[in-house]
Structure formats: structure tokens, C-alpha cells
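Chains as they are written, first to last, in this note's numbering: chain A, 54 to 392; chain B, 54 to 392; chain C, 54 to 392; chain D, 54 to 392.
Any given hint could turn out to be false.
One copy or two, either will do: identical chains are not told apart, so a pair holds if it fits within one copy or between any two.
Okay, derived cross-link-like pairs now, DSS-like style, lysine-lysine, Cα gap no bigger than 25 Å in a straight line [what the hints assert, rightly or not]:
1. Lys160 / Lys59
2. Lys373 / Lys168
3. Lys373 / Lys248
4. Lys390 / Lys378
5. Lys120 / Lys377
6. Lys255 / Lys60
7. Lys390 / Lys171
In short, the hints are calculated from the structure, not lab data.
There are 4 protein chains.
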Amino acid sequence: MYVVIKKGATKNEIDVLKQYIKDTDHGILEVVDKGLKKIGIMGKSDVLFRDELMKYSAVERVEKIAKPFKFVSREFKNEDTIIEVKGRKIGGTDMVVMAGPCSIENKEMIMEIAKVVKENGGEFLRGGAFKPRTSPYDFQGLGEEGLKYMREACDTHDLVMITEIMDTREVELVGEYTDIFQVGARNMQNFSLLKELGKSGKPVLLKRGMSATIKDLLMAAEYIVAFGNKEVILCERGIRTFEIATRNTVDINGIALLKEKSHLPIIIDASHGTGKRSLVEPVTLGCILAGADGAMLEIHKNPDCAFSDGDQSVDFAAFKLLSKKIQKTLEFKESLKCL
Amino acid sequence: MYVVIKKGATKNEIDVLKQYIKDTDHGILEVVDKGLKKIGIMGKSDVLFRDELMKYSAVERVEKIAKPFKFVSREFKNEDTIIEVKGRKIGGTDMVVMAGPCSIENKEMIMEIAKVVKENGGEFLRGGAFKPRTSPYDFQGLGEEGLKYMREACDTHDLVMITEIMDTREVELVGEYTDIFQVGARNMQNFSLLKELGKSGKPVLLKRGMSATIKDLLMAAEYIVAFGNKEVILCERGIRTFEIATRNTVDINGIALLKEKSHLPIIIDASHGTGKRSLVEPVTLGCILAGADGAMLEIHKNPDCAFSDGDQSVDFAAFKLLSKKIQKTLEFKESLKCL
Amino acid sequence: MYVVIKKGATKNEIDVLKQYIKDTDHGILEVVDKGLKKIGIMGKSDVLFRDELMKYSAVERVEKIAKPFKFVSREFKNEDTIIEVKGRKIGGTDMVVMAGPCSIENKEMIMEIAKVVKENGGEFLRGGAFKPRTSPYDFQGLGEEGLKYMREACDTHDLVMITEIMDTREVELVGEYTDIFQVGARNMQNFSLLKELGKSGKPVLLKRGMSATIKDLLMAAEYIVAFGNKEVILCERGIRTFEIATRNTVDINGIALLKEKSHLPIIIDASHGTGKRSLVEPVTLGCILAGADGAMLEIHKNPDCAFSDGDQSVDFAAFKLLSKKIQKTLEFKESLKCL
Amino acid sequence: MYVVIKKGATKNEIDVLKQYIKDTDHGILEVVDKGLKKIGIMGKSDVLFRDELMKYSAVERVEKIAKPFKFVSREFKNEDTIIEVKGRKIGGTDMVVMAGPCSIENKEMIMEIAKVVKENGGEFLRGGAFKPRTSPYDFQGLGEEGLKYMREACDTHDLVMITEIMDTREVELVGEYTDIFQVGARNMQNFSLLKELGKSGKPVLLKRGMSATIKDLLMAAEYIVAFGNKEVILCERGIRTFEIATRNTVDINGIALLKEKSHLPIIIDASHGTGKRSLVEPVTLGCILAGADGAMLEIHKNPDCAFSDGDQSVDFAAFKLLSKKIQKTLEFKESLKCL
């Protein structure tokens, strides 16, 4: 349920309304949607409550949200959400390229990659310090040391940092370094983690689980929002199907559908989505044209020598070309709107 | 296995070679690949046979094909195959839009749709006369009557006709009317039908089965080629996954991979692929950018009144706009090659 | 829609009713369900028609069937259907084991296997003469020669023959030899073939398609019934999922659900269902306990030397033991009903 | 890698060996396998290390484990692992029935259910205090209050308690109450949680993720073992496929395969696996016959009034009958071994 605020309502009138909502044990979510102020009301609500709300002078009207995912839906907020991080905008027309290595291997490599990312217009550095590995015997990441290297690389090259968080106990630690939290596919329904990130005060990039439906993904995003954090970025990284020629199956339908159903920005990760270097470019560009707002990419100086995921990493030359094509595709997508 | 013909080989030298191949009970598939003449040799072949071939003056070299799908692979023929039908080219840079109704309902409707298809640059009319319906109690198509209407519509508006074939016994009948045979997803591994179409002398559009891997699809195409027909068009129309928000899941990875592995043209059918009108445009455009050579589209004057598949059909106005965007996307894709 | 016949209705009264149904262009399907005579009415029917039917003296009541699959559902016929072929009963408490090689390789092998099948209480000989192979270059079966060998093996050892039919044009030929037609997974929605088999007059074993839902399977069975053939045997042979450790995923839920929704007998084919010799026994027994009425099994003297599907074939010794366990499991399942 | 200890080796000889392994920074896992003492060695090991180990008098031989899942495989330990909890054995021939409600709703209900479980031979009480719910707006469980009620119910009726753990921060708290930790499907690859449970000192029931392969499941189990806890119970609860008639698809192949590849006990949860009350019995029994060592069941006094998962819960009468059938099926399975 949400309330649309009257055009001329005073701050005081709105405060009185907000106080009432809080006093009845409901959560509050304020947004501006195409010039309209709206207040989302979280928690059980019934007809009576609706009638009560209508009595407040700040209230233009009260609306129910039919979908199970409520505050991430376009029913609540029609306008695209643009998330600003250190001056960069995610979800608008600006190019968003989040690039970097799968694992941070040492300081030199992350410094070098950061430079390459920046030079090619990628304003976001991705990289794993805590790695979710299928085997307990595989490299598990550098941990806090990796975070430090990454922060330094971001500061040196004026980049926005994004890295994975896997444990509720590490939210504080990782939050000291990173600008954006990343939730991996395996933790998409780690609800304890989602709740904690809802309170973290930093944007969260939420990767779709390997067998998560679009509805599951939006419900997981709803968790983060319901616990206080409006800044959620969705990420399609492929789902599991019977097809074995590619690591996963990128759900381009899902991207188009997410764009229709939700106001949140969407990123395509074709590195994990395809698992095959040669497919990263066509799939990234295709998904951007179909609706994605930006791309996440695994890059590596010598992909064949990477500690992890080398098969799906592109080298610097390929990244340079791909960045240009992403920029062109974003412009082309805008141009189609004028037809 | 295939033979590369020497640059200066005479017709006579080549004929002697071909006679030898036939005399040893092997099939022949002649192609030109980037200026080189190649002869594919079908059937069991061993080392001895290879040595024998090398003795012929027309032979430059003999190559093995490692892939299980042989003559549809880029290993055999690197250059994109362009299929010409009544002057239209499928697989090159020309726009390929195959549009029409799911079922032919009556003469008037198919005549009207044909006009709309032509006006918007779609040179191919699709439509079902024999319909594969999940239920025996659903409308099964108009049969030969439908073929007649469609032929008349194509002749009136100078369009290329494509329609589904479901039964080996109907290849001759349908072949009297259609320009291109379509094999539906449910019949992708109806090997008897594939063999018959291999002998039909007309191009075949082969839809990927709902649970067919990319390899399965290429092997099915190989059947048609192995039985004598080089003109196969692949079609991605979505696969079955756990996702239920869309009718199927379009495999954009698969499109990019097919383009990499095979020289055959690929069409995206986002109507069946998404099952949702609003997703047809973004998914069609995205898949074209990722590699598809053209689009198949279900269109209907009043989608909500269609006998079948109304939910996924677009109306004439949407089709008009989408056709323009397809043209623009094809041009944009070409422009990226020059970066 | 169906009609329940009054207990004391005379043959003449029933004939008058049947004539009326035929005169109104409807098909007829007669069954006995727990002592009640029922007549299924196929084709469009409306309220008016129902009222007309009630006027006939033979009619006790008229019932609608809510499910999309009508005459294969328990809504129409609650009692288990038992199909008799040459004195053997499929669908009751008798052991049903359909065993044999994937492909008939030569006369000697099929004669030897037939002997082994018979000795171990398997009354049905399975074997492929026309083989649906993924590759056009693989062994395609012996064709009519194979059918002859198989018929001779069945006659010699008093076995019931079951073999695959792939082409509408071969129904007559195969029907001259076989006792039961088998429709493979790849042809489950080859509706032309299903219609033809509806008119064939012989029982049909219908394998579930690799990505067919339970509803799809029942609709395919409905095709055969709607075209005149009540004797359909369902077969679960595994579906395609993301799991790659086994060839397919046997859907034990589906078996239990089919038993609940349909009166038709169900066979488990764990050879194709698992693709792994060592799993055939546990999965066969488990599925029988969950509801399957019998088992289809690939057996071979030297599985490792089989022309096709050797990995999933069991040898004669394993078959001997498994047959005993199947018999025990069927008895155990009966005993549980008395708890 | 593991070491087989010589038959007559003294405690002192073994201690010297163990000290050496620890001194070289390797972990130790001691098991007895068919009378043989084995010491699993965790961590990087090379040829040199192997030669060094052979010098110790306690060492009979050194073996490599080829599989990626090492210490949960039958390659390391051939004998079935039997886990004892408060006198009950999981993994042997004893009946293992873990029954209870999806969510603990209040004290009365859990006390009543505990009584029913005990009366029918179920020695394990399951129930959720912390619930992983797809929606943030659904009932999230009673938390610690629920744990208290459940502990009391277990103590009153002499039952073993099993409940879900979702957060690394709650391991200590939940561990104060429960006898067995349950890891839900959504957390199967929450590696932080798995590591923590490896150090918990209590048995862990690990549910297969919705899109986890058998290998993924065994690798997740390996995490718990690698971090120090040998007592892992695997649980099949259905995977996600295209089939929508049932909530999930129980992978009976997977159960048979797990039994072949791993020495760990396996439980079938057909409540979540089917999502349909009427299918719980046939699927539970079938899976036990195929290899499962026991069953997990959702039961409720009035399933239609349950706070969650009512559709898949069976009532007390059905549970009573099913318990008997489970017992009979376990006995029948044993009897088959003597054929």
C-alpha cells in the first residue's frame, strides 16, 4: 500500500502523516515518481487503516499494490530508479561498465586492471576478495588484504568499488572498503544477509540465483528494500538449464520483463552468463539493447593464467573494443526511442 | 571429411574425382568457401581412402571434420551461407522479416496481413495451414484450403511463402504451394521428416526443439544436409526452463554460439520465444544484435481475437514500428564491424 | 462429456442413443468403469446437446469433464485400464517386463535375448528396427529385416512384440509384424503419427517427451484415444534437466501423479531414464513402488559391445536378478494395500 | 589423499604419524572403514609428501582420491556411514522418520505433534523456528521462542530435535537447543555457513539446492567435512525443472547415484519434493526402495490451516499409515539383498 502526497502539502502536514504511519507500527519508504511524492507503507494494512489515512490532509489518495513484490514494482514507482554512487549514475543513460578480475590475486594486478578500466570509460571496479568456491580446496580469496588492494586501486584511479559479501558477520568489514555490495547468485535467497544489507546504507547489486525465477529475484530485492535500502541493482547472470554448451543460459526475456515490471536498474553479467570468452561481446550488447542498463565484465591481462574463471574473462584489447561498442549500443538504444 | 580443390583444377579433373567418390559409395556436397571449391564426402571414410583421394590431380588437400555436426559447421565452410529464395537473401545483410498469423483463419485475413507485411518491408509471409496443437480438440488448421489462400496472398503481394510441414506424406502437397518449409519445434527430431525434406529441393527453416541442445539442433540440420539439401535456416524459438513468467526462455547465448559454430543463417522467433506481446520487440532486437540474421513474427489485426497464440501476436501498428527498428538494428550491427 | 448408461438399459435403447450421437457428428468411446457402462462423446458439445441426450431412455446422467485431457482421465473412468495383448495383461497385478536390445543387430542376438527374456518371466520383447538417431551418420537400424527377426524370435518363444514406429508411412508395414507400437520421446508430439496410430487397432506405448509436462503427455495420449484407440500405455523415460551426472532425470513425482490423474497403465524405462547401468535396478524398483505397472529394460549379452546405448544396458545375469526383484516389488506393493 | 594404517600399528606409531601430518600444515580426518583405520589428509599434497609418509611405520599405504569430492566419497570410505544421535542411528537399517510442522506456530501445536511423531515410531522432530520465506512480508518464524517450545517437546517425548539454521551468527544460539542442524536448499552453497557448521560439533542435515547438481551437493557436504565435521546427512528435496504440475521434481536417479558415490546417509523429503499431499506417500516409499535411508515429512493436525506449506503436509491419520509403510519398505529393501 502507498500514499500519494497532495501537490501543495506542507512539510508539517507530511510529518504528521509519517508520524501516524510509524505510530501504527508500519515502515516508511519515500520516493519521488514523475514529480509525485509517494510514501510506501510497509507491514500489514487493512481497509480500516486505509480509511484512516484518507483523513490526513497530506494524502491525495491511497493505492494498493497487487503484486507480491511491492516497492520494487512499477506499480509503486513508474519512473526508472537512478542510483548515484560517487557521482556516477546507474539506471540512466550513462554508460555503466563494472569490470575487473574474478579474484584479486595481488596488488599489482588489481592496480593494473584499475588503470585499464578507467582508460576505457569503465567507472566501476569489480573484484572478489571473499570468493564463493564450489570446492573447499579451491582458492578462497585474499580476504581483507584483497579489500585493501582494491580500495587503493579505486582511490588511485577514481573508480567506484564493488565486491561480494557472503556473510552477515562481514557486512561491517566489507562496508568499510566497498562502495557497492554485491550479493552472489548462491546467496540470492540468503535472507539473513539481505536483511542485513537492507540496513547497510550502501547500494546492493543483487545477482539472480541459478534457479531463481524473475519473481524470486524481485522478492529478494524487496527484502533489501523492506529493510530500509532503496538502492538495489538487479543483475542477470544466467540460469541453469539443460544446455551444456554454455556455462549458463542468459535469460534475455527476463531482462526485458524485469524492465517492464520493476523500476530498478539491471546489469548484464555475460561473463558468468555464458562462461565463454567469445560469447561475452554479442550477449552483452544484445542484452543492453533488450533493456539492460549496463554490463559487468570479467577482464584479465592473461585470461589463461587467471586463478579462477579464466575461460570467461576477456583480455584488455577485447575489453577496449567492447567498451566502445557498449557506449555505441547505449546511444543506439536511445536513438530508437525517437522513431 | 572434405576435399579442397586445387585452384586451377579443370572441370574434367573434378569430374573424375567426383566419380571416384560416388563409386566408393560416398555422398557429395559441393560448396564454395571464400573462393575455394570444397567437396564434402559423406559416409564412412578411413585413412586409406584419404590416401587414395590425394592421388587425384584435382585435390589440393583432404581435411577431417572433428565435430559431430560436420557439413553445417564452420570447420567445413567458414563463410556465412546465404540462401536465396525468389531473389531475397537470407543470411546476408538484407533485412529478413517473416511475419504473419499463427493460423490462417480465412482468405480475407491472410490477404490483409500479406499487404501489411509487404508495406513494412517484410518479404516473407508466414502462416500455419497444418497446426501442431497440444489438444486434439483444438483448431487444427485449414489444411490445403489454407495453403491455397496463402499462395494467393503471396502471389498478389510478391511475398515468399513459408509454412509448417508435419507429416512425411504431405511433403509433396505442401511443396506445391510453399517456397520454404518450416519444421516446428515438436518435429525437430522427427528424423523421417528431416530425411524427406533433405530430398525436397526447397529451403527448410528448422526450429529448435523445446529441450534440444545447440548440438542437437545442428545434428538435426545435418540430417537435412546429409540427405541432399544445403539450404537450411536455423530458428531459435525459446527453450523450456523452470521460468514460468514467460512461455519459453530465448537462448541468446545459443544464437551467438550457433553463429560461431555454423555457417547457416539464424532467425529469432521472439513471439513463441517469449509468449508475451510486450517482450517481442526488445528480445527480437537484442537477438539480432547478438547474431540473428532476421526475425519471425506473429502479427494479427486484433491479437485478442486470434484463433491461436493471440497473447504473443503484435498488432499492425506495433509491427510497423518494429520493422523499422529491425532495419535500424541490422544497420547498426554492420556499423559495429568497422570499429 | 460422457453419458452414464442406466443399469437396465437394453441393447436397443443403447443403440438408439449411439445412433443419435453419431448423427450429430460426434465420436463415441465406450468403456466399462466399475460395472457402469459409460459412453464418451467426442467433439464440440453444448448445453442444448446435453438436454437432448437426457431425453434418451438409456441415459442415467450426462457428465462434463473439466480437465483438458478428457478420456484418459480418471474423471471419465475411475477404474484402472487393463490392456490385454495375446493373453498378457498390462495395468493389473501381473508382472510386465518389456526387455530386449536397443537395436536389433542380427538374427542370432535377438533369438538369444528372446530366450533369456522368456526364461525370466518377461513376456514382452522390445527392440528397435527403425532407430531415431541424433546423428545421420549413426546406425539407423535394420529396418524390415529387423522386424522379421524380431517376429520370428517372438513366435519361437511365445513373446509379445513391441517396437518403435517413427513415420506415418510405416504404420502399415510395422503393424504387420508388431503386437504393440512404441512412440519414442522425440515423436511424442508428432501429432500426425498419433492420429494414425489412433486408427491402427493395436496398443500403443507412448513415451514421454524429454521436455513434455505431465499434461503434455496426457494430451498426446488423448490424441490416440480421440482418434479411436483406447489402448494406450504411458511410459516415463526421464526428462531433461540441468543434472548431467545422469543421462536424464526420472520423474518419480510424475509417475505418482499420472497414476492419480489417469486410468492408463504406466511403464518405467529406467535404462533411458538413467543412462547408467548401475542405476537401472534401484530406479526401476523405486518407480514401481511409486506407481508404475511395469518396466522396460535394455538388456544385452555384452553391453560394452552393443551397437547403441551400451552404457545403459544390463547383462543377462543382472536381468535375471532384477526380474525377480520386480516380481517381489509388485507383490510387496499389493501387500501394502492391505495395511 | 589418505593413509591406510597397518593392522598392528601401535597408538604411539599412529600419534607420531599424525603429528607429522599436522606439522606439515595438513588437516586430519580419522575413520574406520570395514575394519581398516584410515587417516584422510586435507590440504595440498604432492608426490614428495607421499614418499615421506611411506617412511612412517604406521603406514600401510597411501592413496589418492580422484574425485573432486574426496572425504565424502566411497573412494575414501567404502562402508556406509552411520550417524548416531542420542542413541538413534541414521544410515543403517533402523527406521528414520523426521516429522513435524513446517513452522512452529505455538507451544500447544508442537507438543501435540511431538506426541504423534513418537507414537508412530518417528524418533526425530522437525520444525522451523527461523523460516526462509520468499517474501519479507510472510511469517518469518517464532525465532528463539520456537526453539524453546521445540526443545521442550523433544524432551517431553524423548525425541531428537532437528531445525533449520540460516545465519552464521545464530549457530551458537540454535546449537544450544537443537540436536541436528538443518541447512535449507537456499543455503546449500552459503559457504560461510557450511564452514561454521563444520566446527559446530553437531550433525548437519544438508538439503540439496534447487538447481544443485549431485556433484554440487557432495562438494557442499565436503565443505562441512573439510572444516571438521564428519556427521553430514544428505537430503533430496526435489529440483527445479520445467514441470509445473508438481512443486519440484524429486530426483530418484540422484538418490541412487548418491548412494553409489558417497558413504553418507540420505533422507528423502517428499513434502517439499512434490508439494502435493497425495504424492508424499508413493514418492517417499519409492525413494526409500531406491536407496534413501529415511524420510522427512511435514505433518499438521489440520493441513489446510497451516501457517505455511499446508498443501504438502499430511494429517495425523495419513502419517500413521505412512510410518507403517516406511517400516515395511525398509524391511522389504533388506530382504531383497538376500535374493
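Taking the hints in turn, this is what the structure says about them:
1. Lys160 / Lys59: Neither way: Lys160 and Lys59 sit 54 Å apart in one copy and 48 Å across, limit 25 Å.
2. Lys373 / Lys168: within (12 Å within a copy, 45 Å between copies)
3. Lys373 / Lys248: neither (38 Å within a copy, 40 Å between copies)
4. Lys390 / Lys378: Both, since 19 Å and 10 Å are each at most 25 Å.
5. Lys120 / Lys377: Close neither inside one copy (38 Å) nor across copies (34 Å); limit 25 Å.
6. Lys255 / Lys60: This pair counts as neither: shortest intra-copy Cα distance 30 Å, inter-copy 60 Å.
7. Lys390 / Lys171: between (29 Å within a copy, 24 Å between copies)
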